[in-house]
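From just these sequences and the hints, can you work out the full model?
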Amino acid sequence: MESLSLPVSEDDVIEALRFVYDPELGVNVVDLGLIYGVRVEGRSVHVRMTLTVPGCPLHDSISSAVDEAVRYIMPDAEKVEVELVWDPPWSPERITEAGRRELGLWT
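Mapping the sequence shown onto full-length UniProt numbering, position 100 (from 1) lands on 100, and the numbers just tick up by one.
Keep in mind that the hints were calculated from the coordinates and are not lab data. Computed from a prediction, not measured in an experiment: that's the story for all the values here. Where hints are given, some of them may not hold.
Across the chosen pairs, the derived CB separations fall in these ranges [unchecked claim]:
#  : residue 1 : residue 2 : range
1  : P75       : L103      : 26 to 34 Å
2  : I14       : C56       : 32 to 40 Å
3  : Y36       : S64       : 30 to 38 Å
4  : H59       : F19       : 27 to 35 Å
5  : Y21       : E83       : 18 to 26 Å
6  : L103      : D76       : 34 to 42 Å
7  : S9        : E83       : 25 to 33 Å
8  : H46       : R18       : 15 to 23 Å
9  : P7        : P88       : 24 to 32 Å
10 : E68       : G37       : 17 to 25 Å
Quick reminder that beta carbons are idealized off the backbone N, C-alpha and C, glycines included.
Here it is in structure tokens:
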């Protein structure tokens with residue numbers, strides 16, 4: 001993953017988030033379907049995401065890894081907000097085909 005100069009797009013952020021893995025499942029947060037939205041406005045980035053279960057003990061480490069991935073590609077970011085949401089609730093149907101392959105699930 002390489003650092004980018006402005007402007008950074010939503011797609012750039014999503015690609016950076018492919019380097020953030022759920023430590024329990026070993027699949028990145030994008031392919032797990034945990035990322036609900038990304039908004040880039042100037043030097044501010046807002047990421048809406050969920051976790052596979054409410055009360056996940058890895059919440060802090062995953063949120064920190066998301067923040068770090070964004071700041072890595074956008075080192076001059078003034079604000080990175082990682083918003084944890086529960087609606088709509090996550091379900092396995094959100095996992096991408098690539099994520100299903102990594103998990104050994106058949107589609």
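Outcome of the hint check:
no.: 1; hint: P75 x L103: 26 to 34 Å; verdict: 33 Å, holds
no.: 2; hint: I14 x C56: 32 to 40 Å; verdict: 21 Å, violated
no.: 3; hint: Y36 x S64: 30 to 38 Å; verdict: 18 Å, violated
no.: 4; hint: H59 x F19: 27 to 35 Å; verdict: 18 Å, violated
no.: 5; hint: Y21 x E83: 18 to 26 Å; verdict: 20 Å, holds
no.: 6; hint: L103 x D76: 34 to 42 Å; verdict: 36 Å, holds
no.: 7; hint: S9 x E83: 25 to 33 Å; verdict: 19 Å, violated
no.: 8; hint: H46 x R18: 15 to 23 Å; verdict: 18 Å, holds
no.: 9; hint: P7 x P88: 24 to 32 Å; verdict: 30 Å, holds
no.: 10; hint: E68 x G37: 17 to 25 Å; verdict: 19 Å, holds
Figure legend: structure checked against the earlier numbered hints; hints not met, in rising order: 2, 3, 4 and 7.
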